[in-house]
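Protein chains: 2
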Amino acid sequence: MRIHRVHLPTLQEGEVVLTGSEAHHLARVLRVNVGQEIKAFDGAGLESTGVVQSVHDFQVILELQEPRASDVEASLKITLAIALLKGDKLADVVRQATELGVVAIQPLITKYCDVKELSANKLERLRRVAQEASKQSGRSVVPEVREAVKLREVQIPLLSILAHPHTSSSLNDVALGKGSPLTIFTGPEGGFAEEEIKFLMSKGVTPVRLGARILRAETAPVALIAALLLPEAL
Amino acid sequence: MRIHRVHLPTLQEGEVVLTGSEAHHLARVLRVNVGQEIKAFDGAGLESTGVVQSVHDFQVILELQEPRASDVEASLKITLAIALLKGDKLADVVRQATELGVVAIQPLITKYCDVKELSANKLERLRRVAQEASKQSGRSVVPEVREAVKLREVQIPLLSILAHPHTSSSLNDVALGKGSPLTIFTGPEGGFAEEEIKFLMSKGVTPVRLGARILRAETAPVALIAALLLPEAL
Numbered sequence: 001m002r003i004h005r006v007h008l009p010t011l012q013e014g015e016v017v018l019t020g021s022e023a024h025h026l027a028r029v030l031r032v033n034v035g036q037e038i039k040a041f042d043g044a045g046l047e048s049t050g051v052v053q054s055v056h057d058f059q060v061i062l063e064l065q066e067p068r069a070s071d072v073e074a075s076l077k078i079t080l081a082i083a084l085l086k087g088d089k090l091a092d093v094v095r096q097a098t099e100l101g102v103v104a105i106q107p108l109i110t111k112y113c114d115v116k117e118l119s120a121n122k123l124e125r126l127r128r129v130a131q132e133a134s135k136q137s138g139r140s141v142v143p144e145v146r147e148a149v150k151l152r153e154v155q156i157p158l159l160s161i162l163a164h165p166h167t168s169s170s171l172n173d174v175a176l177g178k179g180s181p182l183t184i185f186t187g188p189e190g191g192f193a194e195e196e197i198k199f200l201m202s203k204g205v206t207p208v209r210l211g212a213r214i215l216r217a218e219t220a221p222v223a224l225i226a227a228l229l230l231p232e233a234l
Numbered sequence: 001m002r003i004h005r006v007h008l009p010t011l012q013e014g015e016v017v018l019t020g021s022e023a024h025h026l027a028r029v030l031r032v033n034v035g036q037e038i039k040a041f042d043g044a045g046l047e048s049t050g051v052v053q054s055v056h057d058f059q060v061i062l063e064l065q066e067p068r069a070s071d072v073e074a075s076l077k078i079t080l081a082i083a084l085l086k087g088d089k090l091a092d093v094v095r096q097a098t099e100l101g102v103v104a105i106q107p108l109i110t111k112y113c114d115v116k117e118l119s120a121n122k123l124e125r126l127r128r129v130a131q132e133a134s135k136q137s138g139r140s141v142v143p144e145v146r147e148a149v150k151l152r153e154v155q156i157p158l159l160s161i162l163a164h165p166h167t168s169s170s171l172n173d174v175a176l177g178k179g180s181p182l183t184i185f186t187g188p189e190g191g192f193a194e195e196e197i198k199f200l201m202s203k204g205v206t207p208v209r210l211g212a213r214i215l216r217a218e219t220a221p222v223a224l225i226a227a228l229l230l231p232e233a234l
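Sequence order for the protein chains is A and B. Residue numbers for the first sequence follow my numbering, so the first one is 1 and each next one is one higher. Residue numbers for the second sequence follow my numbering, so the first one is 1 and each next one is one higher.
Wrong hints could be hidden among the right ones.
Stated by the list, open to error - Straight line, CA to CA, 25 Å or less: simulated SDA-like cross-link-like pairs of lysine to any residue:
| hint | chain 1 | residue 1 | chain 2 | residue 2 |
| --- | --- | --- | --- | --- |
| 1 | B | Lys86 | A | Glu195 |
| 2 | A | Lys122 | B | Lys39 |
| 3 | A | Lys89 | B | Lys39 |
| 4 | A | Lys89 | B | Lys111 |
| 5 | B | Lys116 | B | Glu189 |
| 6 | A | Lys77 | B | Ala212 |
| 7 | A | Lys111 | A | Ser160 |
| 8 | A | Lys89 | A | Ile61 |
| 9 | A | Lys77 | B | Lys116 |
| 10 | B | Lys77 | A | Asp88 |
| 11 | A | Lys150 | A | Glu124 |
| 12 | A | Lys89 | B | Lys89 |
| 13 | A | Lys77 | B | Pro165 |
| 14 | A | Lys135 | B | Arg209 |
| 15 | A | Lys89 | B | Lys77 |
| 16 | A | Lys86 | B | Leu30 |
| 17 | A | Lys86 | B | Ser168 |
| 18 | B | Lys39 | B | Thr49 |
| 19 | A | Lys150 | A | Glu195 |
| 20 | B | Lys135 | A | Lys203 |
| 21 | A | Lys135 | A | Arg209 |
| 22 | B | Lys86 | A | Asp88 |
| 23 | B | Lys198 | B | Leu182 |
| 24 | B | Lys111 | A | Ile3 |
| 25 | A | Lys135 | B | Asp92 |
| 26 | A | Lys77 | B | Ser168 |
| 27 | A | Lys77 | A | Glu194 |
| 28 | B | Lys89 | A | Glu195 |
| 29 | A | Lys77 | A | Lys150 |
| 30 | B | Lys135 | A | His166 |
| 31 | B | Lys89 | A | Leu123 |
| 32 | A | Lys77 | A | Ala104 |
| 33 | A | Lys203 | A | Leu158 |
| 34 | B | Lys203 | B | Ser160 |
| 35 | A | Lys203 | A | Ser168 |
| 36 | A | Lys86 | B | Ala91 |
| 37 | A | Lys86 | B | Glu195 |
No lab work stands behind these hints: they were computed from the structure.
Okay, chain A solo, but in the shape it has when bound (with noise of 0.2 Å):
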């Protein structure tokens, strides 16, 4: 039987009630028993094992363990750093990305973006849909959807990479350390503007093509994620 999952802002060993929505999920929804085991998870890499102590419509208690660093994140800390996309692309790719084990999602204005902002409704939508996501693939940590931002106000990290069709580079020019942090850029349908490549680059960004087949904006990042990722547990 799959084990349950319950985000809680803290975790901390021993009982803990839990109230609202989060006890009426467990009781009502996944209809948890007494002496049920759970797992507990704070959404920054800590987890829990649970017993279910007690089950009321709008009260659970929880005895939890010590609370330990997850296994399940990957060694590669990856933020996504992807133009704004048109319909409900975003959340695609942001629901995708969360499984496959980004920790960040950064949210960016090009010149070629269709849709030139991201309203609170859409950003909130967006970080249900990445709470959501973790919780399934049975992550421990939420990645991160950070407020959209123009592409010349984005803070660029050290190691930085660009998807980028018409380029020689490839992934393996770029030095990837275990553990270290890697930020992807990534553009609209109408791909990023050459002036915008030559200021990514200009920053210390390596653009790096992603094979001989065009990938439509929305499954290039998740295809390169796959790709940096999965080999870690393949």
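Dock chain B against chain A, hints included.
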């Protein structure tokens, strides 16, 4: 400027007269001009550079160069054997798997599939999705989308792997040769049944784990194909 691509059933050096919808698309939608370079591909791995000789609403004449083997195709020939998924998710996977470079898609009917058949209409739609994605991604092969078969009736090729969250074997245990065909089995939302996994393993299919994080049914195939095919280019 992006070079337009035309799918022709057979490629031959010399003049070729296009009529019907393909001519209309080139003439009226893409608005090609006399002298413009285009790329023709046969969907089976050959491509040819062409120059537009004349343009009318329902007739476009091209002069094609000698056809040659395309270099955009992956050397690893992957067939994706995937269980039927709910809603439009199978079409999404077909689209992304085609972009990434699979050569065939075999829909499967398995025990925990919510959908138990693939109607002629839906199959037709999946084939259109594959054709469109092949064109957009610059491929010279249109992956064959086969009729759905029951898992126990599917032909199982020599080298086959099975995405399995609870196994210790990894992709490194599978001997992949360049140019060798590989079949990937992935399950429906509810996963493969235990007896289905036993059946596949009894036929020589190697279970492979995809890492510590649980991937949804529509993410696992895309991630696995990306992890297999992107490194060819990286």
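Structure-based check of all given hints:
no. : hint                : verdict
1   : B/Lys86 / A/Glu195  : violated, 42 Å
2   : A/Lys122 / B/Lys39  : violated, 40 Å
3   : A/Lys89 / B/Lys39   : violated, 29 Å
4   : A/Lys89 / B/Lys111  : violated, 31 Å
5   : B/Lys116 / B/Glu189 : holds, 13 Å
6   : A/Lys77 / B/Ala212  : holds, 15 Å
7   : A/Lys111 / A/Ser160 : holds, 20 Å
8   : A/Lys89 / A/Ile61   : violated, 39 Å
9   : A/Lys77 / B/Lys116  : violated, 40 Å
10  : B/Lys77 / A/Asp88   : violated, 32 Å
11  : A/Lys150 / A/Glu124 : holds, 19 Å
12  : A/Lys89 / B/Lys89   : holds, 13 Å
13  : A/Lys77 / B/Pro165  : holds, 22 Å
14  : A/Lys135 / B/Arg209 : holds, 19 Å
15  : A/Lys89 / B/Lys77   : violated, 28 Å
16  : A/Lys86 / B/Leu30   : holds, 22 Å
17  : A/Lys86 / B/Ser168  : violated, 39 Å
18  : B/Lys39 / B/Thr49   : holds, 5 Å
19  : A/Lys150 / A/Glu195 : holds, 14 Å
20  : B/Lys135 / A/Lys203 : violated, 34 Å
21  : A/Lys135 / A/Arg209 : violated, 32 Å
22  : B/Lys86 / A/Asp88   : holds, 18 Å
23  : B/Lys198 / B/Leu182 : holds, 19 Å
24  : B/Lys111 / A/Ile3   : holds, 22 Å
25  : A/Lys135 / B/Asp92  : holds, 23 Å
26  : A/Lys77 / B/Ser168  : holds, 24 Å
27  : A/Lys77 / A/Glu194  : violated, 28 Å
28  : B/Lys89 / A/Glu195  : violated, 36 Å
29  : A/Lys77 / A/Lys150  : holds, 23 Å
30  : B/Lys135 / A/His166 : holds, 18 Å
31  : B/Lys89 / A/Leu123  : holds, 24 Å
32  : A/Lys77 / A/Ala104  : holds, 9 Å
33  : A/Lys203 / A/Leu158 : holds, 9 Å
34  : B/Lys203 / B/Ser160 : holds, 9 Å
35  : A/Lys203 / A/Ser168 : holds, 19 Å
36  : A/Lys86 / B/Ala91   : holds, 18 Å
37  : A/Lys86 / B/Glu195  : violated, 42 Å
In this structure, the hints that do not hold are numbers 1, 2, 3, 4, 8, 9, 10, 15, 17, 20, 21, 27, 28 and 37, in rising order.
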